[in-house]
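Undergrad: Read off the chains here:
2 protein chains.
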Amino acid sequence: MTSSPELTRRQMILSSGILLAGVSQTNGLQAQAPEKDLIFRTTDPRNAEPALNKLITSWITPTKHFYVRSHAPNPKIDPKTFRLSVEGMVDKPLSLSLADIQSHQEYTLTATLTCAGNRRAEFNKEGKVGGVQWDAGAIGNATWTGVALSEILRKAGVQASAKHVWFKGLDEITKGDGIIPFGASIPLEKALGAGDDVGALLCYGMNGETLTADHGYPLRTLVPGYIGARSVKWLGKIVVSDVTSPNHYLANAYKLVKKTESIDWSESGPIYRYLVNAAVGSHEKGAELEAGKADLAGYVLPSGILGGRVKHVQVSVNNGKSWKKAELTGEDSDFCWQLWKASVQVTEETKEIVVRAEDSSGGFMPYRVPWNAKGYLQNSWYRLPVTVKAT
Amino acid sequence: MTSSPELTRRQMILSSGILLAGVSQTNGLQAQAPEKDLIFRTTDPRNAEPALNKLITSWITPTKHFYVRSHAPNPKIDPKTFRLSVEGMVDKPLSLSLADIQSHQEYTLTATLTCAGNRRAEFNKEGKVGGVQWDAGAIGNATWTGVALSEILRKAGVQASAKHVWFKGLDEITKGDGIIPFGASIPLEKALGAGDDVGALLCYGMNGETLTADHGYPLRTLVPGYIGARSVKWLGKIVVSDVTSPNHYLANAYKLVKKTESIDWSESGPIYRYLVNAAVGSHEKGAELEAGKADLAGYVLPSGILGGRVKHVQVSVNNGKSWKKAELTGEDSDFCWQLWKASVQVTEETKEIVVRAEDSSGGFMPYRVPWNAKGYLQNSWYRLPVTVKAT
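Heads up: the sequence lines are chains D and F, in that order.
In this text, residue positions in the first sequence follow the working numbering: the first is 1, and each later residue adds one.
In this text, residue positions in the second sequence follow the working numbering: the first is 1001, and each later residue adds one.
Worth double-checking, as some hints may not be accurate.
[To be verified] Simulated restraints, written as ranges between beta carbons of each label pair:
(1) G157/D x G1307/F: 46 to 56 Å
(2) G1307/F x D295/D: 46 to 56 Å
(3) G1195/F x K293/D: 56 to 66 Å
(4) E352/D x K1285/F: 30 to 40 Å
(5) S85/D x I1060/F: 58 to 68 Å
(6) K128/D x D1044/F: 45 to 55 Å
(7) Q1345/F x I60/D: 54 to 64 Å
[As the list claims (entries may be wrong)] Calculated pairs, SDA-like style, for lysine to any residue (alpha carbon to alpha carbon, straight line, at most 25 Å):
(8) K258/D x D1264/F
(9) K163/D x A194/D
(10) K1128/F x F364/D
(11) K1163/F x T260/D
(12) K258/D x D1196/F
(13) K324/D x R1368/F
Honestly, the hints are just simulated from the structure, not real lab data.
Glycine residues also receive a C-beta, built at the ideal position from the N, C-alpha and C atoms.
Could you put together the complete structure from these sequences and hints?
TA: Right, here's the structure in full:
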């Protein structure tokens, strides 16, 4: 996370809300990323990830190559009438226009978002898992512009018994017989941040542009270090509470469960922080290599803990009997991924390239991850099947 | 779990409360297990585990060899004036004497209890963890006699919005400036049980005898499949609620955390079910063996899931390059451990006996468990260092 409140880009990119208002007029009509930039796993709702070779070409992921995770069609929101409500355990409930929000100190920071279901498809080897069948592309690193959630909360006056902050989206998800918004909550301590950690942002900008509809226009949360599901898009309401959100996506999903019955949700806590993870992006699964030197590249993300850093990425061509340390590239910043590259010797016996990583907070990619019914937090050794031909 | 309500031992062991009342007169004065039966990790409060070679001699663990985990001195409770209160989200709050409780259908079932901190001391290799420094003996399999919590709850009338059942002990734990009871909560679904699962018991008997003071006399909960901390001893109060217990031992302990700051507790859910685990009991760490055949034995516990069974226990003398399947002994019953034995060939090169297990619910003992600040759920490959001498 590179946070530079002193060097805001707001005048440049948002021009006191004018550009935001300008873009807003095409909201819902604005051009979506063409399909060639992303691989759509589902189109209604829109769920897409980039090809991995595109993903790893730059430390900052261009918005057109940034994964999209939605549970309903993008809502059409009129920025002129948009209001964010802040209620619950606060002294003074608020109803804020976009201009009200933008009157606060602006922050621009870089942080990686990743879906808890990234690499989900790998669980199917052990037992079928439902949900979007993500490869390893449900991750991206962007620069986010917005205001600190903590400042909005302080303005509302958080009451002493508060413990969690709920987010509700303006999207409309058909669930059983009803329609619900996507929702989440985060612990109050995370919402408020502390020390070097700004906590969570309320964002209106991504990579120097106004947020696109796919990424939550006009307003979303950005919770560095947490799984993407906690960075609620199309944010419409904040509720301060003494308990976690009862919204389905906090209470009954995004948890590690063996089954999906009522007791399983009751027994499991919500996932918040993402785990260390890595993948190969330079080669597709099943790639044909020539015997000799193979140049590999990929991404690595340390666990979502403030100050966490990649300790090492290692590559093996013999299923872990020996490992070669990869070289890290890209910036080394809080809550951000890095890229890596390594040259290894492959022979006709090499059937698989294996990658694992470890981070400074004690996080490591294990040999095997326990299967879970929703297919979350797959961060076992990344395995790239290859065929090697004699030169 | 072998539950046989039709064959109760009540008349034999409790004789309509008479024996219970008789034993009660020595409550607080009754003989404690002599130290030779258990290794005391702390004496105030009483925390003790058996030597592993004693632990694995029988499928049912004799009470004198059953681990003791307490957070305060054993409370002195007069069974004549004892009342269990049942309150919160119920239609009819109850205040029950022991006789009231025993007027319900009696169940006798066998279930394993294990401390979430079993094998904690092994975490110290990676980073010091506080708490009782358990070896692998904080586990035991006993026969429990009591009534179904579900029947008591149905008598009180659980309200529709209820989701969790809190337990409060009568012990007095000094915590900071105050005194608190040990407490826990379990999801309502677990409290009520379903189908073949009786759910939780309110117990007054253990291994055919009245509960000892160390194990919660006169009344404790027994929650099969859950870590021992949810089976609250010296039970005095049950509260039905829509939220989990705010008691320290549910809200701010018995969770997997990297640090122990406020945000860490907020981000982590309570641990309920225990994980598959196994250990060697036939030999001490550092044992001297003779080259050739070595006869090993130990225990194995499948994950705390109804119907879960041990799939296999495997032993390796070469750090996992090859494995030999162990033979299971002891009964094969819900929520119960089994014992195992295996003969392996050791040589002067053998420095370590390694054991791992896998169960029918997909649980497995991993190569390495992520370090956590409280040292819970250590179930990595069990490693027994040995020295082998030429014959």
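Undergrad: For which of the previously enumerated hints does the structure constitute a violation, in increasing order of number?
TA: No hint contradicted; all consistent.
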